[in-house]
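Asker: Protein sequence lines, in the order shown, are assigned to chains V and D. Numbering-wise (this note's numbering), the first sequence opens with residue 1 and increments by one. Numbering-wise (this note's numbering), the second sequence opens with residue 1 and increments by one.
In short, the hints are calculated from the structure, not lab data.
To give an idea of the chain D side of the interface with chain V (calculated C-beta under 10 angstroms), a few residues:
id	residue
1	Met-2
2	Arg-4
3	Ser-6
4	Ser-192
5	Glu-193
6	Glu-214
7	Pro-248
List of simulated lysine-lysine pairs, DSSO-like, C-alpha gap at most 30 angstroms:
id	chain 1	residue 1	chain 2	residue 2
8	D	Lys-250	V	Lys-140
9	V	Lys-239	D	Lys-250
10	V	Lys-250	D	Lys-171
Even glycine gets a Cβ: it sits at the ideal position worked out from N, Cα and C.
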Amino acid sequence: MKRVIVIGGGVAGMQTALRLADDGCDPLILEKEGELGGKLRDWYVLFPTFTPASEVLAELKGRVIRRGIEVRTSAEVAAFTPHSVTLAGGETLACDAVVVATGFTLFDARIKEEYGYGIYDNVVTSADLERMFAEGRVAKSDGSRPRRIAFLHCVGSRDEKVCQSHCSRVCCITGVKQAMEMKRLFPEADVFNFYMDIRMFGPGYEEMYREAQQRCNIHFVRGRISEASPTIDGRIQIKAEDTLTGRPLKMSVDMLVLLVGMRANDSNARFAAQSGVERSPSGFLAPKSLFLDGVRSTAEGIFYAGTVTAPKSVGECVCEGYAAADAAAEYVKER
Amino acid sequence: MMKRNSWNEYQKQIADDRYYYGRSCIRQNFFPGSEKAFIDILRGDLGKDLLDDPLHSSCTGIGYHSDIVPLETIMTVVARQFALMGEAGYENFVTSCITSFGVYTEVLATWAEFPETEERTRENLFKATGREFRKPASLAHTSDVMFHFRERIAAQAARRLVNAATGEPLKVVEHIGCHYAKIFPKSGIGGSEFPYVLAGMVEAWGGECVDYPERRHCCGFGFRNYLVQANRGYSIANSHKKLESMAPYKPDFIVANCPGCAMFLDKWQYAIAEMEGTTYGENGHGIPVLTYEEMAGLVLGYDPWELGMQMHQVDVEPLLDKMGVDYDPAAKYLGRNGKYIGKPASAVVNCSATDTVYDIRE
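Based on the sequences and whatever the hints tell you, model everything.
Answerer: This is the structure:
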């Protein structure tokens with residue numbers, strides 16, 4: 001059987017391996033962390049259905065185990081070619097093709113210094129909030145219930161100042177989802193979403209956005225927050241401009257949630273230089289074609305699945321797993 | 001205690017010695033002792049070589065930011081200062097004014113980004129003066145230099161920024177001029193959001209900085225706010241917003257590194273007190289506003305009247321008493337050589353003469 005190495009054991013990587021097995025190949029998943037799951041391990045529920053992320057993960061992991069797919073965890077990749085993968089420890093594994101499913105990196109909110117993440121206690125990121133949801137401990141740092149919560153969209157997305165010009169796509173709907181969850185936990189709280197555009201591109205997203213406004217009474221303000229500062233009573237003062245009314249706005253909130261974007265992995269540059277694949281201006285790896293070859297790289301025998309090429313939702317990543325596996329299987333069978 | 005975690009990521013080269021000193025146009029009027037204190041501290045206390053060159057001129061920054069002086073002109077003026085520095089055998093430019101620092105930084109960045117503008121400036125300078133120039137090896141604001149030597153000053157300190165009666169650190173509002181790092185964040189120590197240039201001095205000398213909601217807000221100088229008389233309401237409104245925001249934290253004093261900020265935060269307290277009867281300090285007084293040279297001078301044991309602190313609108317005596325500074329109240333209005341310089345009328349910001357107070361809102 002032809003061996004195809006899948007680099008990355010997130011949802012895209014797992015689905016790729018499953019499909020490769022269906023296609024008669026011998027897949028091997030290399031995961032740098034101690035267990036499979038990728039970023040989804042840190043997520044609580046998924047938009048737009050509030051499906052627990054753990055359900056999706058458990059199902060995928062179960063399928064991988066039941067199919068007997070070989071998995072190596074704590075296996076960080078240092079380099080790869082179409083026919084070999086070298087691990088950080090120096091071991092080289094031979095293969096017939098490689099599927100890169102290394103995902104993305106969450107934007108480090110500390111870079112946007114004006115929001116005081118890491119400095120002010122009640123400024124958190126969307127990833128922090130998912131962790132708090134999962135742990136069942138959503139509260140201010142002093143343990144009290146927040147009475148006013150603000151979400152800020154596009155932190156580290158569509159922002160030339162931090163060299164992240166691309167749209168991370170899923171943060172808008174994540175902001176809507178998390179705002180609804182906060183409203184469910186704290187019905188008495190006022191919840192605000194500060195945005196520059198709301199991009200509801202997926203099935204059920206627009207309906208969810210409407211529900212957030214009509215049923216949950218979540219306020220959406222078109223304007224970005226310019227700065228966050230502490231108040232003497234431990235709250236966060238935010239300044240923004242409501243660009244629909246053309247007026248500056250200042251308010252104090254109990255929690256400020258920064259919806260951090262998806263940025264390209266730093267390792268992409270190294271991989272591109274070593275393997276001859278190309279990167280797009282955003283730093284994500286560039287597929288051979290955006291239309292007909294979205295899961296093929298510009299190098300023979302190297303394929304892509306998931307967010308290694310651009311920000312995507314969980315469902316899109318899983319779909320790309322199928323496509324990348326089929327493309328890789330077709331390639332190895334023709335050789 | 002104010003939290004911060006990123007100032008170390010914003011560092012810049014600050015020369016250790018041999019400075020060419022660029023004075024400020026307006027500081028010598030508002031705070032005449034501060035520039036002298038800088039020279040005295042650098043030369044006398046730290047043993048550094050500093051040239052105070054009478055040949056250098058205004059940078060024309062006020063005219064530039066008021067759309068009176070065009071870019072080509074200010075670049076040529078800046079080039080002339082650099083030429084004078086080179087002719088004097090120096091290469092480390094330090095400037096006393098935040099606006100000038102912003103101007104020099106902007107001009108150097110413009111030349112780096114658009115080399116043809118540097119060539120044109122060289123031609124203009126040569127045609128106008130016959131001079132040629134080299135760009136400085138380092139450019140710093142004088143507060144950068146004071147920050148650079150903060151530990152040495154701490155080691156030589158006669159006093160610390162603590163309440164002499166309680167031993168508690170003094171609570172300090174540090175205010176950074178907008179043109180220090182808001183234009184080019186990497187040009188300032190600590191960047192623009194959590195600048196550390198003044199906070200580093202305050203902490204090294206025993207004080208504690210307070211973070212307050214309007215910390216990053218402009219003092220209100222903003223050239224057009226003040227130079228256009230009809231806009232002056234914006235100027236005082238900005239200072240008012242900051243003072244209202246910082247007052248609940250009960251700061252012992254404000255320290256600023258910009259000529260305009262130190263003046264406006266000081267003088268507008270007088271105007272607000274006269275207009276509304278509102279004061280922001282303890283016991284009905286205003287909050288004293290210091291320059292960083294005055295703060296350093298007090299730490300090093302200088303006499304407050306030698307530092308020119310009698311020129312402040314808000315009296316500094318409550319702060320001096322708190323720090324345990326030994327001073328002669330009778331000498332306050334004696335200028336250099338013991339000459340009486342006149343005493344201002346009493347003002348409500350210094351807890352007296354309420355007869356002139358009226359509420360503008362009525």
